[in-house]
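There are 2 protein chains.
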Amino acid sequence: MTTSALRLGIAGLGTVGRGVVKILQAHGPLLTARCGRPLELVAVTAQSKDKDRGIDLSAYDWADSADALATRPDIDVYVELMGGSDGAARSSIMAALDAGKDVVTANKALLALHGQALAERAEDAGRVIRFEAGVAGGIPCVKALTEGLAGNEITRVLGVMNGTCNYILTRMQDAGLSYDEVFQEASDLGYLEADPTLDTGGIDAGHKLALLASIAFGAKVDFDAVRLEGIERITIEDIDRAADMGFRIKLLGVARMSGRGLEQRMTPCLVPESSPLGQLEGATNMVVIDGDACGQIVLRGAGAGEGPTASAVMSDIIDIARGLRLPTFGQPAHMLADLPRAHASVPAPYYLRLELLDKPGALAKVAAKLGDAGISIDRMRQYGHAEASAPVLIVTHKTTRDALDHAIEDFSATGVLAADPVAIRIEMV
Amino acid sequence: MTTSALRLGIAGLGTVGRGVVKILQAHGPLLTARCGRPLELVAVTAQSKDKDRGIDLSAYDWADSADALATRPDIDVYVELMGGSDGAARSSIMAALDAGKDVVTANKALLALHGQALAERAEDAGRVIRFEAGVAGGIPCVKALTEGLAGNEITRVLGVMNGTCNYILTRMQDAGLSYDEVFQEASDLGYLEADPTLDTGGIDAGHKLALLASIAFGAKVDFDAVRLEGIERITIEDIDRAADMGFRIKLLGVARMSGRGLEQRMTPCLVPESSPLGQLEGATNMVVIDGDACGQIVLRGAGAGEGPTASAVMSDIIDIARGLRLPTFGQPAHMLADLPRAHASVPAPYYLRLELLDKPGALAKVAAKLGDAGISIDRMRQYGHAEASAPVLIVTHKTTRDALDHAIEDFSATGVLAADPVAIRIEMV
Chain A
611 MTTSALRLGI AGLGTVGRGV VKILQAHGPL LTARCGRPLE LVAVTAQSKD KDRGIDLSAY
671 DWADSADALA TRPDIDVYVE LMGGSDGAAR SSIMAALDAG KDVVTANKAL LALHGQALAE
731 RAEDAGRVIR FEAGVAGGIP CVKALTEGLA GNEITRVLGV MNGTCNYILT RMQDAGLSYD
791 EVFQEASDLG YLEADPTLDT GGIDAGHKLA LLASIAFGAK VDFDAVRLEG IERITIEDID
851 RAADMGFRIK LLGVARMSGR GLEQRMTPCL VPESSPLGQL EGATNMVVID GDACGQIVLR
911 GAGAGEGPTA SAVMSDIIDI ARGLRLPTFG QPAHMLADLP RAHASVPAPY YLRLELLDKP
971 GALAKVAAKL GDAGISIDRM RQYGHAEASA PVLIVTHKTT RDALDHAIED FSATGVLAAD
1031 PVAIRIEMV
Chain B
611 MTTSALRLGI AGLGTVGRGV VKILQAHGPL LTARCGRPLE LVAVTAQSKD KDRGIDLSAY
671 DWADSADALA TRPDIDVYVE LMGGSDGAAR SSIMAALDAG KDVVTANKAL LALHGQALAE
731 RAEDAGRVIR FEAGVAGGIP CVKALTEGLA GNEITRVLGV MNGTCNYILT RMQDAGLSYD
791 EVFQEASDLG YLEADPTLDT GGIDAGHKLA LLASIAFGAK VDFDAVRLEG IERITIEDID
851 RAADMGFRIK LLGVARMSGR GLEQRMTPCL VPESSPLGQL EGATNMVVID GDACGQIVLR
911 GAGAGEGPTA SAVMSDIIDI ARGLRLPTFG QPAHMLADLP RAHASVPAPY YLRLELLDKP
971 GALAKVAAKL GDAGISIDRM RQYGHAEASA PVLIVTHKTT RDALDHAIED FSATGVLAAD
1031 PVAIRIEMV
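Chains as they are written, first to last, in this note's numbering: chain A, 611 to 1039; chain B, 611 to 1039.
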């Protein structure tokens, strides 16, 4: 192993970039001991050179652009922390690979959309792309899946991978507030992205899931195959009713392999409140991995923020310094499979909230439609009401989403529904 | 990277060895894809050649002894799964290193007692020793600490690392049984080691803690410095009383760095029942890592068993196949520090159970002694009683074990105690 310094160039000095610089400045001797060689930050770049970032950058060269930084002859690793699925992030990473640099990035959107092409380019160039910080912040879940559990056939990966959504959902429950109220709070506190639908629509978390699924199942990353459903339509009523039945609502990502193919979804789900996922509060993330030998492994930690994300970036840099060279998605890019897409093929229990008109036999009519669709009822709860309609909660036995959708379609013919039914999958973990 | 087969020799075909052979047989193509080269099991050895282990060993050479296997010219990696802190395990590993083999082992006792010497020998020989399976079974916690969180200064590592003890404690609580009753149950079910005090005395878990502490703090492994206290003296009464106050009792390992040195202990502790550790049921293990950048990372999974432990062994083998070569404890052995030992220097709240004689002013007398020692009371609960003595529970504010021990010593002068006090540290996680 070489003992010369590993020379770094960092593009992007926002929260994550600043965090990485701070770690490099604070832990020089420790990092040298762990890597067996020094890490040397050579040059940086960002949108504005003059902005005060609260860190001393005087020891580093300033590059005029990401492309210029990425191709400097005096760096070994190009650390891309600008973000964005196209534009400068993408072009500079390609330039870096072509110039013989290894790449470390936190850019999940870029890899979720262009990961296969980038992985192939990296391998053609004999370089590596690492992205631990792209998934679940400080939790070393990419490493766990790619390396720590590499002796397993993975059967399922699931988790809560967007802290903002989990914050909103747990805050709604704790404070009894509506989605709109908590959304406004989160916005006032600066928790939301410029485009908040990236978070609340499940897109950001969907990118992460697509990356984990690729590693777990040896598949080409296929973000388009992720069924996305955001949390915008979750009501405080559903949260409270679910709690009555012993469940919590989470924006849950699930990637599962079955005989029909690879199922990927990022949707609100109910989970048992006593499960590790059910007990996950606030902005924390959790990744749950089921393997044929290891059983269930649960990883939990901060999913965002300066320190945790920088910690993950450092782990990739340290791996490169130590000489670990893995294909981007754990297997050579040309061996990654084009897996057929399976849509929620695995039966599950469902939570169903109906608003029934106060008519004789109303409940019997919808129950009959469920029975016609072959769906049996595990638990049912009817709530008192002062209005012309009454809420009814049903937890079904295991069924498919297709069967449930058919039954829900048939409900309309009964004329007893006061509102559209709400159906949420229950994921047993 | 080489693409020739990585040739393995496995010594020990008990639960773990059998599990490794099964994975190698089941997942050949998958492992080849992940490693970029085939893994080839060349030869095995165990105490009895003729025993039926339920696996087909006909494709492998049988070595007459561990030493013979370890030095075969046709293996690259010697996989030691016999166990035992001395004898054949130790001698064969040294022989393997001297013969230029890398070593993978699940042997925590060996490494906890002789880790420094073995690490030095490995580095002198330019070989690696890996031991993911030695700590917390299937949980990739050695990798998380050595690699995934290598950008952090670690401030504390703690966890439940002995599934048998956690099974006994949760079973006592769930079934309302005494320690002796559950111990007998566990014995009947075959859960206990030949020498059960390795588990119940905290020795096995203490070995694991010493290994994690070495990695976390860059220290020479120092098992003798681990303060050990087993679970044999935990009563159902303490479990129930602790539950009344919102706590669970766990055999908890804690390694923490402070200005005074490295504190290592494996002792029964109270943890909040709502914490991830408090909710850990049965034989599951949990490792909690606090880092200065990542914050708190929690890892949870099966701590023992054929599949989980074999999964961890495979991860080490795969790392070697992929060319990852790290020093045994994450830093070169000669750089590991001889850290001063600190004993429970960090103040904590304590749970105190007293059996007070039914005398006027009894409670006031012990409260005064606590006050004299500078210990203030957070919560106190006196239970009804039919006997000549009454149980009193006290949760103190933060204090040191030394101060508490002095106060407890002073209690005896009051003449109001009907039994020796029970004091258990409360670890806030």
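FYI, nobody ran anything at the bench for these hints, they're computed from the structure.
Incorrect hints may appear among the rest.
No distinction is drawn between identical chains; accordingly, a pair holds when it is met within one copy or between any pair of copies.
Unchecked claim - Here are the computed lysine to aspartate or glutamate pairs in the DMTMM-like style, where the Cα-Cα straight-line distance is at most 25 Å:
1. Lys632 - Asp902
2. Lys632 - Asp900
3. Lys979 - Asp834
4. Lys632 - Glu763
5. Lys830 - Glu1019
6. Lys830 - Asp784
7. Lys632 - Asp968
8. Lys632 - Glu965
9. Lys979 - Glu733
When the structure is checked against the list of hints, which entries are broken? Sort them ascending. Checked against the structure, the hints that fail are numbers 3, 5, 6, 7, 8, 9, while the rest are satisfied.
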